[in-house]
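Student: Here is how the chains run, residue by residue.
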Amino acid sequence: AIQMTQSPSSLSASTGDRVTITCRASQGIRSYLAWYQQQPGKAPKLLIYLASSLQSGVPSRFSGSGSGTDFTLTISSLQSEDFGTYYCQQYYSYPRTFGQGTKLEIK
Amino acid sequence: EVQLVESGGGLVQPGGSLRLSCAASGFTFSSYWISWVRQAPGKGLEWVANIKSDGSETYYVDSVKGRFIISRDNAMDSLYLQMNTLRAEDTAVYYCARDQGAAKGDYWGQGTLVTVSS
Chain D
1 AIQMTQSPSS LSASTGDRVT ITCRASQGIR SYLAWYQQQP GKAPKLLIYL ASSLQSGVPS
61 RFSGSGSGTD FTLTISSLQS EDFGTYYCQQ YYSYPRTFGQ GTKLEIK
Chain R
1001 EVQLVESGGG LVQPGGSLRL SCAASGFTFS SYWISWVRQA PGKGLEWVAN IKSDGSETYY
1061 VDSVKGRFII SRDNAMDSLY LQMNTLRAED TAVYYCARDQ GAAKGDYWGQ GTLVTVSS
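Going line by line, the protein sequences match chains D and R. The opening residue of the first sequence carries number 1 in my numbering; numbering runs sequentially from there. The opening residue of the second sequence carries number 1001 in my numbering; numbering runs sequentially from there.
Just so you know, not all the hints are guaranteed correct.
[As the list claims (entries may be wrong)] Taking lysine-lysine pairs in the DSSO-like style, the calculated list, with each CA pair at most 30 Å apart, reads: (1) R:1065 - R:1052; (2) D:45 - R:1052; (3) R:1065 - D:107; (4) R:1065 - D:45; (5) D:107 - D:42; (6) D:45 - D:103; (7) R:1052 - D:107; (8) D:45 - D:107; (9) D:45 - R:1043; (10) R:1052 - D:42; (11) D:103 - D:42; (12) D:107 - R:1043; (13) R:1043 - R:1065; (14) D:42 - R:1043.
[Claimed, not checked] Stretch by stretch, here's where chain R covers chain D in the computed footprint (C-beta under 8 Å, at least three residues): (15) 13 to 26; (16) 60 to 66; (17) 72 to 84.
[What the hints assert, rightly or not] Far from chain D, by Cβ distances over 12 Å, these chain R residues were calculated: (18) 1011; (19) 1031; (20) 1039; (21) 1049.
Honestly, the hints are just simulated from the structure, not real lab data. Every residue gets a Cβ at the ideal spot worked out from N, C-alpha and C, and that includes glycine.
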């Protein structure tokens, strides 16, 4: 199975900050990567698919980039409602695998 | 409005069985791949299985192969997960999630909790 490794595992940032989360695949996955946000007690929410395509209804401050093995999720100007845990997932091959998550706290 | 509603979770003893259901509404269920994704308490997400729109293809994570069976009834707009020979490590909230083409998991249910314990 392809391993997905996210960094950092947690971070704390202030509103207005630019935040970047990285995700590395153990082998090339082309652009078959998604990013999700999960807030406590809620189901995950799809933010980005195909590495850089913004899901409908997701604010434009979220963006994704990368291909092959290295990917990033960027929040251009952090808002208070962006707290939660962020996960990447590859869907290049089965089984689909998630990163371990990045917990984002708002200072 | 697209809705996915899971049910069937509960407390089961190790070695026991449980059948989860996911009722879909607000979209043409028979046109979409659907996945089960689980989350152990305080842990990350784990993709479990998925099934093609017509039920002709299924895929599983290795840890559940031979124990879990994913199926669907398109006439009833429902997805199922038959879980057999349950283990403590299967304890988790189980979500169903829709795939919209390349947008995997564009809609999720609220989850149902499965607890495997004696």
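Student: Are the hints correct? Go through all of them and say.
Tutor: Results for each hint:
1. Straight-line distance between C-alpha atoms of residue 1065 of chain R and residue 1052 of chain R comes to about 17 Å, which keeps the hinted pair within the 30 Å bound.
2. Between residue 45 of chain D and residue 1052 of chain R the alpha-carbon distance is near 22 Å, which keeps this suggested pair within the 30 Å criterion.
3. Among the hinted pairs, residue 1065 of chain R with residue 107 of chain D is inconsistent with the structure: their alpha-carbon atoms are about 43 Å apart, more than 30 Å.
4. With a C-alpha separation of about 27 Å, the suggested pair residue 1065 of chain R and residue 45 of chain D falls inside the 30 Å cut-off, and the hint holds.
5. For the hint linking residue 107 of chain D to residue 42 of chain D, the alpha-carbon distance of about 21 Å falls within 30 Å, and the restraint holds.
6. Among the hinted pairs, residue 45 of chain D with residue 103 of chain D is consistent with the structure: their alpha-carbon atoms are about 15 Å apart, no more than 30 Å.
7. The straight-line distance between the Cα atoms of residue 1052 of chain R and residue 107 of chain D is roughly 43 Å, outside the 30 Å bound, and the hint therefore fails.
8. Of the supplied pair hints, the one linking residue 45 of chain D and residue 107 of chain D holds, its CA atoms being roughly 22 Å apart against a limit of 30 Å.
9. Taking the CA atoms of residue 45 of chain D and residue 1043 of chain R, the gap is about 17 Å. The hint holds against a cut of 30 Å.
10. Our distance criterion of 30 Å between C-alpha atoms is met by residue 1052 of chain R and residue 42 of chain D, whose separation comes to about 26 Å.
11. For the hint linking residue 103 of chain D to residue 42 of chain D, the alpha-carbon distance of about 14 Å falls within 30 Å, and the restraint holds.
12. At roughly 23 Å between alpha-carbon atoms, residue 107 of chain D and residue 1043 of chain R fall within 30 Å of each other, so this suggested pair holds.
13. With a CA separation close to 21 Å, the supplied pair residue 1043 of chain R and residue 1065 of chain R stays within the 30 Å bound.
14. Our distance criterion of 30 Å between C-alpha atoms is met by residue 42 of chain D and residue 1043 of chain R, whose separation comes to about 14 Å.
15. Residue count for the stretch 13 to 26 of chain D with a Cβ under 8 Å from a Cβ of chain R: 0. That is fewer than the three needed, and the coverage hint is violated.
16. With a cut-off of 8 Å between beta carbons, the stretch 60 to 66 of chain D has 0 residues touching chain R; three or more are needed, and the interface restraint is violated.
17. Remark: the stretch 72 to 84 of chain D is not confirmed as covered by chain R, as 0 of its residues place a Cβ nearer than 8 Å to a Cβ of that chain, below the required three.
18. Interface exclusion of residue 1011 of chain R from chain D stands, the closest Cβ pair being 20 Å apart, more than 12 Å.
19. At roughly 18 Å, the least C-beta separation between residue 1031 of chain R and chain D is larger than 12 Å, which holds for a residue marked as non-interface.
20. With a least beta-carbon separation of about 8 Å from chain D, residue 1039 of chain R fails to lie farther than 12 Å from that chain, contradicting its non-interface assignment.
21. Not every beta carbon of chain D lies more than 12 Å from that of residue 1049 of chain R, the smallest distance being close to 9 Å; the non-interface claim is violated.
Hint violations for this structure: numbers 3, 7, 15, 16, 17, 20, 21, all remaining hints satisfied.
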